[in-house]
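One-letter residues, chain by chain:
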Amino acid sequence: MIEIKGVSKAFPGRKGSEPVQALKDVDLIVRDNEFLTVLGPSGCGKTTLLRVIAGLVPHDTGTVLVDGKPVTGPGPERAMVFQSFALMPWDNVLTNVAFGLEMQGVDKKTRELKALELIEMVGLGGFEKRLPGELSGGMQQRVGLARALAVSPKVLLMDEPFGALDEQTRRLLQEELLRIWEATRTTVVFITHSMEEAVLLGDRVVLMRPRPGRIDQILDIPMTRPRSTHLDSVESSGEFTAMVGLLWNNLRAMHSDVRRARQAGQAAATKP
Amino acid sequence: MSLVRRVLDSSALYRLIALAIFATIWQLATLSHKSMLIPTFTDTMAAIPKLLIPGYSGDESAKLWDALYQSNGALLIGFAISVALGVPFGLLIGRFRTIERFANLYISILLVTPMAAVIPLLVMSLGVRDGAMPTRVILIVLFAIVMLIVNSRAGIRQIDPSLIEMARCFGAGELSIWRRILLPGSLPAIMTGVRLGLGRAITGMVIIELLFIAVGLGNLIQKYDAQLDGARLYALIIIVVFEALVLIQAVRWLERRVTPWRKTTSFGR
Chain A
1078 MIEIKGVSKA
1088 FPGRKGSEPV
1098 QALKDVDLIV
1108 RDNEFLTVLG
1118 PSGCGKTTLL
1128 RVIAGLVPHD
1138 TGTVLVDGKP
1148 VTGPGPERAM
1158 VFQSFALMPW
1168 DNVLTNVAFG
1178 LEMQGVDKKT
1188 RELKALELIE
1198 MVGLGGFEKR
1208 LPGELSGGMQ
1218 QRVGLARALA
1228 VSPKVLLMDE
1238 PFGALDEQTR
1248 RLLQEELLRI
1258 WEATRTTVVF
1268 ITHSMEEAVL
1278 LGDRVVLMRP
1288 RPGRIDQILD
1298 IPMTRPRSTH
1308 LDSVESSGEF
1318 TAMVGLLWNN
1328 LRAMHSDVRR
1338 ARQAGQAAAT
1348 KP
Chain B
318 MSLVRRVLDS
328 SALYRLIALA
338 IFATIWQLAT
348 LSHKSMLIPT
358 FTDTMAAIPK
368 LLIPGYSGDE
378 SAKLWDALYQ
388 SNGALLIGFA
398 ISVALGVPFG
408 LLIGRFRTIE
418 RFANLYISIL
428 LVTPMAAVIP
438 LLVMSLGVRD
448 GAMPTRVILI
458 VLFAIVMLIV
468 NSRAGIRQID
478 PSLIEMARCF
488 GAGELSIWRR
498 ILLPGSLPAI
508 MTGVRLGLGR
518 AITGMVIIEL
528 LFIAVGLGNL
538 IQKYDAQLDG
548 ARLYALIIIV
558 VFEALVLIQA
568 VRWLERRVTP
578 WRKTTSFGR
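Sequence lines, in order, name chains A and B. Residue 1085 in the working numbering sits at position 8 of the first sequence, and the numbers go up by one each step. Residue 350 in the working numbering sits at position 33 of the second sequence, and the numbers go up by one each step.
Each hint should be verified, as a subset may be incorrect.
[Stated by the list, open to error] Stretch by stretch, here's where chain A covers chain B in the computed footprint (C-beta under 8 Å, at least three residues):
1) 320-334
2) 473-480
[Unchecked claim] A few chain A residues that face chain B, going by a derived Cβ cut-off under 7 Å, partial list only:
3) ALA1087
4) PRO1151
5) MET1157
6) SER1161
7) PRO1166
8) TRP1167
9) PHE1176
10) GLY1177
11) MET1180
12) GLY1182
13) LEU1208
[What the hints assert, rightly or not] Just a sample of chain B residues kept apart from chain A, beta carbon distances all over 10 Å, derived:
14) TYR386
15) ARG412
16) TYR423
17) LEU504
18) LEU528
19) LYS540
20) TYR541
21) GLY547
22) ARG569
23) THR576
Don't read these hints as lab results, they were simulated from the structure. Glycine included, every Cβ here is placed at the ideal spot set by N, Cα and C.
Taking the hints into account, I'd like the entire structure generated from these sequences.
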């Protein structure tokens, strides 16, 4: 379980401008074995929230507990999947997937055995000797996913992992991720800017709003599991459409709020 | 592929044709305008084996090999020092901005100063006695090292920051980040620096010997020049250029060997 209480984070602004409040008083509980998706317009702090959980950036105030222990830095119980894949181009698929275990000091034979198992699981069997540059984007992100799963994390942190992929590849990977998740039930925090993706994958959707970044509301997704076997009928269901519609109404309201605030700010700035 | 096709496709053929055209023009031009300073192509070619092969033409080749030995000795030591100091220094300032703040101005000076202007100063203070090996080595380092520093720094800078973040995320400490991310990631740029630095070192070597400390190849060039021996002068310069080409090609080969992943940028091979 991840408990986030009163977490705020500000980044220093560029020269002369005010600091940017990326997160303000965020409270959130991520339950064990849940698939939590986080959705919001750009600048709402969703990626910062994930990086705070990962221990990559320190938070200013509040507490972040993973299984009761405060987060002070990265830890082996949390693994991350990156939007840019972040694969080492000089290492083959096998070495890339085994990287987390290598850093934990697991011996070569054991970690390669484990890596092979995960490579098989994400559907890349036979590609273990290839270099990342020889793979398509979708295959590269499968490597990223396998690398994260290889360390058997309690929490899988995914930062818009399919954001850089084309539509068809993304669909295939969503299906694949659901299939793997339904088999493993690892706790997942999944950042996305796609409403459809948030609803399709998640048990709950956290909707965030910008300036300052904070949680707007948390919605339960009613669709039953498993979904990977019949994604098409999930997507054409009334529940799905209603959820996406609800999220869109909220997001559209946020966008017009932001626009109004910007116009007001401009008006104030131009006043003598 | 048929043999004809392979020959037509190889760039060696086109290089050979270009060389033949160049040699013909050279030969015709020098034959029609007799000049003492510009030898014909055939005379120049005939001089090359005289210089290279021992015993072919008196003790001439002994002089050449002696000069090559002298010059390359300084080149080898100077270039090795440049790599040994320049690469680690460049990597460090690439990673740690604070160190760079101290060094930046001096790197810029090293980069923009015309070396020929500084050499007399250094020659004066470092001395020219007995072939002045240390002086030549130091000057070669000054010529070459900036390329190694600047390229190594660029190598660290252009590493995708998400790779470093990824490594930290999976529990890597600074040492592991260096070993697994920063060093392999900057290797292509380091090799570029080695190649450019080698070019500068060779240039430096010849300039120093030619203009300031008359030893080695530079000394020999001066001598043939003074004797108005065009054929030998041209032959010698061709030998120097050829040596430089061979060295640069060797670095290119090494570059491909140590960074094989650079070939594979997209699908397939």
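Find the hints from earlier in the document that the structure breaks and name them by number, from lowest to highest. 1, 3, 12, 17, 23
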